[in-house]
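> Sequence:
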Amino acid sequence: MTTTAHLGANGTGPVAGDPGGVREPAGRGRLGGLVWLVLRQHRLSFGMLLAAVAVGAVWCAVLRGRAAAFIDAHHIDGCSMISLVARCDGTQKAVIEFRNTYGPALQLAEAGLLLLPVLIGLFLGAPLIARELEAGTHKLVLTQSVGPLRWLAAKTALPALVVLTAMTALSAVFAWLWQAVGDEVSGSYWYSTLDFAALGPVPVVYSLLALAVGVLAGLLLRRTVLTMGVTLGAMVLVQVGLKQLRPYLMPTESTEFRPKESAQLPDNAWLVGQGYYTRSGAHLPEAVCDSAGDYESCLRGHHVVGQYMDHHPASHHWPLAWIESGIVLALTAVLTVIAFRVMRRRHG
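For the sequence shown, numbering that gives the first Met the number 0 gives the first residue as 0, with consecutive numbering after it.
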């Protein structure tokens, strides 16, 4: 009787007399063995991501404790450098000291959450498939009992789960920090580029998008370095594009000020546009009389009776964040579907 050796789907070696061609490690089925293989292949990347998240979470927790203690000791909660709140009189020096002491650390945490999704795309998403295709190591698995779609599912699902878990935890810790030190006292408002990108679901969904971009680019380009470059460019393009679109994701509120009123919004309101309004209620752009020789006569000629400001109040923060996150998540889903279609077309 002839004994035939087969290589297991997990790549662990030949098995004598196994007609199915797959060696099953104890306690693992075919899918379990494939997941184990993916985990083993990318354990360094996963470990680095989890270590970075752990360090970031500890950093945010320590920073919150120290910053909150300073705020309580100097009674500057909700106070800004120039505050209209009576209880904040005489706190300007303490607010300046707080910003000088804790502002750079807070900005570093925000910048980390802005950049981490891009780094995930570069060093986890881009090499995930491209490196296998470039080296040809994918052929070993695909010639066994593991189909191409199952292989791609395992290669993407496990990293996505790790990224989702890690970024959700880090985002939650940063939100806990920001609740204590955000807005007036730090001068770091929810609508700034760094804060918006670091709060709530936004860094989580951008991380998943970066992973999907890297996977699809790797399937199409099959070159690791080229894929990394394309992933970086695509993520910068998406982030810049959505930043420009962000103010228009939901309707703004408009506040009108009479001529003798102080045209000032709360510090945590995001000013989107401003100008003049007429007796009829029509809104005119702020620059309507810039080229006029007599500015005041021009305003009177347009029957201007006051100023208006279009803005997003602080209550719009989370709706805007969830709307943008929904857009990014939908784009992630589309790229993932395209990746599976490409895999099916090329490998059956």
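Rather than coming from a laboratory, the hints here were simulated on the basis of the structure.
Mixed in with the good hints, there may be bad ones.
Label-pair distances were calculated between CB atoms; the ranges are [claimed, not checked]:
no.	residue 1	residue 2	range
1	Gly-280	Gln-243	24 to 32 Å
2	Arg-340	Ala-281	46 to 54 Å
3	Val-341	Ala-50	29 to 37 Å
4	Val-287	Asp-71	47 to 55 Å
5	Arg-278	Leu-236	42 to 50 Å
6	Val-336	His-282	38 to 46 Å
7	Trp-175	Leu-43	26 to 34 Å
8	Leu-163	Leu-43	56 to 64 Å
Note that beta-carbon positions come from the ideal geometry of N, C-alpha and C, so glycine has one too.
> Each hint: holds or not?
Here's how the hints hold up against the structure:
1. Gly-280 - Gln-243: 24 to 32 Å: Given range 24 to 32 Å: holds, Cβ gap about 29 Å.
2. Arg-340 - Ala-281: 46 to 54 Å: holds (51 Å)
3. Val-341 - Ala-50: 29 to 37 Å: For Val-341 and Ala-50 the Cβ distance comes to about 33 Å; the hint holds.
4. Val-287 - Asp-71: 47 to 55 Å: holds (48 Å)
5. Arg-278 - Leu-236: 42 to 50 Å: With a Cβ separation near 45 Å, Arg-278 and Leu-236 satisfy 42 to 50 Å, so the hint holds.
6. Val-336 - His-282: 38 to 46 Å: holds (43 Å)
7. Trp-175 - Leu-43: 26 to 34 Å: With a Cβ separation near 29 Å, Trp-175 and Leu-43 satisfy 26 to 34 Å, so the hint holds.
8. Leu-163 - Leu-43: 56 to 64 Å: Given range 56 to 64 Å: violated, Cβ gap about 19 Å.
Violated hints amount to a single one, hint 8; each of the other numbered hints is respected by the structure.
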